[in-house]
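Engineer: Spelled out from the first residue to the last, the chains are:
2 protein chains.
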Amino acid sequence: MVEQQNNKNEELFNEEELRQYLLDGDIERFRDIFFELHSYDQAQFYEKVGPDIRQTIYQFLSPQEMATIYETIELEDEEYEQFLKEMDTAYGAEMLSYMYTDDAVDVLNELDDEHRESYLEMMDSDIVDEINELLAYEEYTAGAIMTTEYVSVLENSTVRQAMNVLRKEAPNAETIYYVFVVDDAHRLSGVISLRDLIISDEDTLIRDIMNERVVHVKVTDDQEEVAQIMKDYNFLAIPVVDEYHEMQGIITVDDIIDVIDEEASDDYSKLAGLSDVDDKETSPIKAAKKRLPWLIMLLFLGMITATLMGQFQETLEKVALLALFIPLISGTSGNSGTQALAVAIRGIATGDIDEKSKMKMLLREVLTGLTMGIICGILVVVIIFFWKQSLEVGLLVGAAMGVSILVATIAGSFIPLLIHKLGADPAVASGPFITTLNDVTSILIYLGLATTFLGQLN
Amino acid sequence: MVEQQNNKNEELFNEEELRQYLLDGDIERFRDIFFELHSYDQAQFYEKVGPDIRQTIYQFLSPQEMATIYETIELEDEEYEQFLKEMDTAYGAEMLSYMYTDDAVDVLNELDDEHRESYLEMMDSDIVDEINELLAYEEYTAGAIMTTEYVSVLENSTVRQAMNVLRKEAPNAETIYYVFVVDDAHRLSGVISLRDLIISDEDTLIRDIMNERVVHVKVTDDQEEVAQIMKDYNFLAIPVVDEYHEMQGIITVDDIIDVIDEEASDDYSKLAGLSDVDDKETSPIKAAKKRLPWLIMLLFLGMITATLMGQFQETLEKVALLALFIPLISGTSGNSGTQALAVAIRGIATGDIDEKSKMKMLLREVLTGLTMGIICGILVVVIIFFWKQSLEVGLLVGAAMGVSILVATIAGSFIPLLIHKLGADPAVASGPFITTLNDVTSILIYLGLATTFLGQLN
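Protein chains in written order, with the numbering used here: chain A, 13 to 470; chain B, 13 to 470.
Everything labelled a hint here was simulated from the structure, so no lab data went into it. Keep in mind that a hint or two might mislead.
What the hints assert, rightly or not - Listed next, with one range per pair, are the computed distances between beta-carbon atoms:
1. Lys-368/A / Thr-464/B: 58 to 64 Å
2. Asp-64/B / Gly-363/A: 38 to 44 Å
3. Ala-148/A / Met-134/B: 57 to 63 Å
4. Gln-76/B / Arg-43/A: 49 to 55 Å
5. Arg-179/B / Glu-133/A: 45 to 51 Å
6. Val-394/A / Glu-126/B: 39 to 45 Å
7. Glu-367/A / Glu-214/B: 32 to 38 Å
Said to hold, decoys possible - The calculated DSSO-like cross-link candidates involving lysine-lysine, where the alpha carbons are at most 30 Å apart (straight line), are:
8. Lys-330/B / Lys-433/A
9. Lys-60/B / Lys-230/B
10. Lys-97/A / Lys-301/A
11. Lys-370/A / Lys-302/B
12. Lys-302/A / Lys-298/B
Stated by the list, open to error - A few chain A residues that face chain B, going by a derived Cβ cut-off under 10 Å, partial list only:
13. Glu-28
14. Glu-106
15. Lys-302
16. Thr-380
In this text the structure is predicted, and so the values were computed from the model without any measurement. Note that beta-carbon positions come from the ideal geometry of N, C-alpha and C, so glycine has one too.
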């Protein structure tokens with residue numbers, strides 16, 4: 013049997029077979045096969061079969077069983093609303109009650125207020141309180157992504173007692189691989205891993221073997237900071253405390269992977285001037301709707317370039333040769349600006365660039381821009397001299413290109429730093445924006461120089 | 013004591029104090045404080061103090077203790093060579109022996125051949141064999157990032173026996189939270205989590221409670237695929253098998269986080285035309301050296317634009333107004349190309365776009381490009397009509413812009429798909445490259461149309 017397995021999860025089970033059992037109403041066979049699957053595969057199947065067959069799934073699975081699926085599933089934001097509307101409200105409310113609080117909150121966050129309220133009304137007040145607490149935390153903070161299902165013990169428990177708590181909590185806790193130690197006031201005082209527990213003597217006091225230097229985060233910390241810490245320390249989970257150092261929850265590594273992925277692809281999309289990256293299911297109209305706002309905004313910004321050039325129309329009419337090099341100069345300066353921008357945004361996102369290293373990095377970019385500007389400038393003078401036999405045009409284009417590269421490099425790093433300083437997300441200074449801005453400045457520099465030195469031109 | 017803690021790891025310990033103990037040669041106090049730190053903080057301290065003080069650290073810590081630091085530390089590629097040269101070779105070899113094989117291989121991979129050989133000669137032949145096996149796997153495959161330190165038991169062991177194996181292996185294994193079940197020929201046949209073990213009766217046979225549908229990967233699988241699977245399934249570790257289904261190692265979630273981070277920032281840098289993103293320590297000369305190759309290559313590509321425009325010099329001389337809109341058209345089409353490119357590269361990287369959905373996605377992009385082209389085109393006709401009072405120029409610019417956006421969008425998605433098809437990394441089709449390519453085509457379309465319809469222009 014083992015040999016038949018392979019790593020394509022789709023082939024780990026027969027989708028058609030499962031679907032047939034649902035159509036036949038063969039609940040027993042369906043459940044037999046379905047529960048051999050990993051919840052990810054269950055979720056994939058559930059998502060794929062379509063609303064009609066899903067109705068049978070709701071009959072065949074308990075809300076508790078459906079909860080596991082919803083803890084794993086990754087739907088488009090608007091699909092949650094759509095899928096949940098297929099279910100009976102009582103069934104949905106019970107499912108949400110069984111889910112880990114953080115996952116339930118993620119789902120509830122996607123529903124409209126009225127729909128959300130209808131669930132909360134039908135759920136246990138204990139759970140509703142917990143959910144409301146999490147819903148109250150600001151998005152993208154540790155509080156908003158933490159779960160409240162963790163295992164904690166008191167300082168003066170023994171290893172045996174702790175193992176018993178673990179056994180009892182194992183089915184509900186999101187991770188049992190760390191046990192958090194708290195004092196009488198539920199303040200975080202230590203941590204011990206299951207690894208340490210199982211190799212310790214059963215009568216040892218937790219206090220004596222726990223690690224007192226617990227790296228932890230606050231509920232208000234940004235999720236990106238939390239991700240950085242977990243990545244640096246290779247943690248599977250990190251405790252979250254409030255302002256009184258009372259333990260509020262934990263954040264597990266699977267949520268952090270989502271954060272890292274999300275933030276990276278967020279920076280990425282913004283560098284390309286997208287609100288987010290489409291997937292293969294996005295329709296052309298929807299894709300166009302996502303991309304057009306930037307495109308049109310940049311189009312208007314581009315109009316500034318055209319207006320500016322209009323000021324130099326006389327120069328352009330006299331020396332039409334000048335126009336040939338406009339795309340070259342604006343393109344090259346745009347490219348160097350995008351490079352500087354990428355370095356700055358990534359540096360800010362990963363925390364590599366902080367308050368202290370800001371000036372150092374700006375200075376570095378000035379020198380980098382200068383180096384690149386001089387090299388590209390000289391290169392262009394040489395090329396144009398041999399190509400168009402004109403040292404004057406060569407010098408003009410070379411000078412304009414050198415200065416434009418310098419300016420673009422500085423702008424590419426200064427603008428995101430400035431935006432960050434102002435408290436906004438530096439990634440909004442997207443690549444196309446910087447590129448268009450550089451178009452404007454480079455043309456101004458080029459045609460400005462040309463008009464000034466026009467007398468010397470042939 | 014607890015109240016004084018906070019989440020800034022730098023403040024969890026007094027760096028100056030530790031440094032003073034090293035200067036004073038106070039080995040006892042130093043070790044007392046140093047070993048209260050998490051290995052990440054130990055590594056940070058070790059990296060910061062500089063080569064002189066590190067010499068004292070090598071005297072104060074055993075190679076085994078140093079191994080833990082090197083399992084956590086994240087140095088620049090060339091720093092490994094530099095740091096290891098500070099150590100006595102025998103000390104270094106012993107440290108490498110104590111490290112998890114995958115981490116030792118990561119370090120050894122950064123050394124030059126001679127230096128690497130000098131270590132391997134001094135290490136135990138068992139460990140050298142294991143290391144050589146991992147070194148033999150191609151970079152970026154599951155084999156190259158897996159570790160060989162995992163816990164496995166035979167199918168017919170009991171839970172008690174399995175727990176005993178776990179206790180024994182706990183200090184060495186990279187994770188003890190999954191126990192892998194193998195048959196007599198060491199072929200992977202199941203998996204059981206520590207969570208399940210601790211809630212099961214001690215006399216139960218592993219065979220009866222293990223999960224037989226083990227999601228696993230092959231040694232030759234790409235690390236990106238592995239990352240995707242672990243992310244989907246929320247695994248803490250995944251087993252790696254060879255072609256005979258024999259278990260070879262495991263990949264743990266911390267390595268996967270590094271992969272996800274690395275691949276995302278790789279795509280990101282390439283979108284900006286960078287070999288990799290500089291950090292704050294990169295010197296201006298080094299930064300310029302990284303950025304110049306692309307910039308100069310694109311500069312030469314930009315020359316094509318200038319040459320092309322040269323062909324239309326006559327047209328430009330007659331109607332200088334035309335030149336005003338060149339940056340606008342090439343800029344907008346470049347922006348839409350970059351957007352399409354970002355979507356395609358990210359889709360390929362995350363596995364969202366596969367063989368089957370390729371055509372569907374290309375079709376989507378054609379329709380998206382068409383929609384955006386028509387909207388932007390009409391917009392431009394209207395603007396130019398009111399601004400320059402010329403319907404002819406408006407129609408010309410609008411038509412050129414519409415067609416350019418369509419072509420750029422198709423190119424932005426088709427080129428990465430083509431490169432991927434040819435077996436190369438689609439991210440090499442960087443944003444600036446696509447932008448420059450779009451410059452060429454958009455100008456060709458614009459001035460081509462202008463020359464053809466010149467008679468109608470005023």
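Engineer: Give a verdict on every hint.
Structural biologist: Against the structure, the hints:
1. Checked against the hint of 58 to 64 Å, the C-beta distance between Lys-368/A and Thr-464/B comes to roughly 59 Å, which is consistent with it.
2. For Asp-64/B paired with Gly-363/A, a C-beta distance near 28 Å fails the hint of 38 to 44 Å.
3. Between Ala-148/A and Met-134/B the C-beta distance comes to about 59 Å, which sits within the given range of 57 to 63 Å.
4. Taken as a hint, the range 49 to 55 Å holds for the pair Gln-76/B and Arg-43/A, whose Cβ atoms sit roughly 51 Å apart.
5. Between Arg-179/B and Glu-133/A, the C-beta spacing of about 49 Å keeps the proposed range 45 to 51 Å intact.
6. Between Val-394/A and Glu-126/B, the C-beta spacing of about 42 Å keeps the proposed range 39 to 45 Å intact.
7. A hinted range of 32 to 38 Å is violated for the C-beta pair Glu-367/A and Glu-214/B, which are about 56 Å apart.
8. Straight-line distance between C-alpha atoms of Lys-330/B and Lys-433/A comes to about 49 Å, which puts the hinted pair past the 30 Å bound.
9. Between Lys-60/B and Lys-230/B, the direct Cα distance comes to roughly 39 Å. Violation of the 30 Å bound is thereby established for this hinted pair.
10. The suggested pairing of Lys-97/A with Lys-301/A holds, with an alpha-carbon distance near 26 Å, which does not exceed 30 Å.
11. Distance restraint check for Lys-370/A and Lys-302/B: the Cα-Cα separation of roughly 21 Å lies within the 30 Å cut-off, and the hinted pair is therefore satisfied.
12. Under the criterion of a C-alpha separation no larger than 30 Å, the hint pairing Lys-302/A with Lys-298/B is inconsistent with the structure, at around 37 Å.
13. Checking Glu-28/A against chain B: minimum C-beta separation of about 17 Å lies over 10 Å; hint violated.
14. Of the supplied interface hints, the one on Glu-106/A is violated, with its beta-carbon coming no nearer than about 23 Å to a beta-carbon of chain B, more than 10 Å.
15. A cut of 10 Å between beta carbons decides the hint on Lys-302/A: the least distance to chain B is about 9 Å, and the hint holds.
16. Taking 10 Å as the C-beta contact cut-off toward chain B, the hint placing Thr-380/A at the interface holds, the least distance being around 4 Å.
Against the hints set out earlier in the document, violations occur for numbers 2, 7, 8, 9, 12, 13, 14.
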